[in-house]
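Peer 1: Sequence:
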Amino acid sequence: MAAESLLKPVINQAFFTRSVHEVAPDLIGAILTVDGVGGVIVEVEAYHHTDPASHSYRGMTPRNAIMFGPPGYIYVYRSYGIHWCVNIVCEDEGSASAVLIRALEPRHGVDLMQQRRGMDELRLLCAGPGRVCQALGIIGADNGARLNFPAKGGGTPSRFILRPRIHDAAIVSGPRIGISKAVDAPWRFGLRGSPYVSKPFPE
DNA sequence: CAGTGGATGCTCT
DNA sequence: GAGCATCCACTGT
Numbered sequence: 001m002a003a004e005s006l007l008k009p010v011i012n013q014a015f016f017t018r019s020v021h022e023v024a025p026d027l028i029g030a031i032l033t034v035d036g037v038g039g040v041i042v043e044v045e046a047y048h049h050t051d052p053a054s055h056s057y058r059g060m061t062p063r064n065a066i067m068f069g070p071p072g073y074i075y076v077y078r079s080y081g082i083h084w085c086v087n088i089v090c091e092d093e094g095s096a097s098a099v100l101i102r103a104l105e106p107r108h109g110v111d112l113m114q115q116r117r118g119m120d121e122l123r124l125l126c127a128g129p130g131r132v133c134q135a136l137g138i139i140g141a142d143n144g145a146r147l148n149f150p151a152k153g154g155g156t157p158s159r160f161i162l163r164p165r166i167h168d169a170a171i172v173s174g175p176r177i178g179i180s181k182a183v184d185a186p187w188r189f190g191l192r193g194s195p196y197v198s199k200p201f202p203e
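Take the first sequence: its position 8, counted from the start at 1, is 8 in this note's numbering, and no numbers get skipped.
FYI, nobody ran anything at the bench for these hints, they're computed from the structure.
Misleading hints may appear alongside valid ones.
[Stated by the list, open to error] So the derived label-pair ranges between C-beta atoms look like this:
hint, residue 1, residue 2, range
1, 58, 124, 11 to 21 Å
2, 186, 155, 30 to 40 Å
3, 22, 70, 13 to 23 Å
Just so it is clear, the structure is predicted and the values come from calculations on it, not from any experiment.
Beta carbons: idealized from backbone N, C-alpha and C, even for Gly.
Put together the whole structure using the sequences plus the hints.
Peer 2: If you want it as structure tokens, here you go:
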């Protein structure tokens, strides 16, 4: 896995029409906000449609239908009956793949995130997929929302804004968290040295 | 700190 | 009816 990755990628639909294993590390360092609240993406996981750990592995169901649609859309699902988790859909080899957003470095709307999370400590505000959704106010109704691609014919702007990173980023990778299949595949990516990840990466 | 277990709801078998 | 792409509180060092 490349230690350094693309400087300032252009975030458009083509960005998400690539191998999900390339898209995922390229999202590290980008800024994700929902209604202006969010921060720098410091941890993600890639889920390819041929991956037994992916929701799309067994084909389309009502829950994962968004994954089978066009890339650049938001897939939200409930985890363990309690938490929401947010993904960005990718089109990899013509079928459903996605990148799970696992942690952010809080930057925008910190007060609101602290209020929603019921805690002040920045390091734990967005350190985990459930925490990211709670801090950013992402819920099931956001499933199927669209990222702000360059406007084509107007329409209401999305709550979800993704801006590319502006500095190069040192990427680390390792096995994913909380899964029971394909447990050794190194498809979790993080910003090297970030204290805002959900769990340290082995260096 | 590390380890355990409870909360909770929806999907798919 | 089982099994989760989780988090938090609580236990015992």
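Peer 1: None of the hints should be skipped; say for each whether it holds.
Peer 2: Cross-check of the supplied hints:
{"no.": "1", "hint": "58 with 124: 11 to 21 Å", "in the structure": "violated (34 Å)"}
{"no.": "2", "hint": "186 with 155: 30 to 40 Å", "in the structure": "holds (38 Å)"}
{"no.": "3", "hint": "22 with 70: 13 to 23 Å", "in the structure": "holds (18 Å)"}
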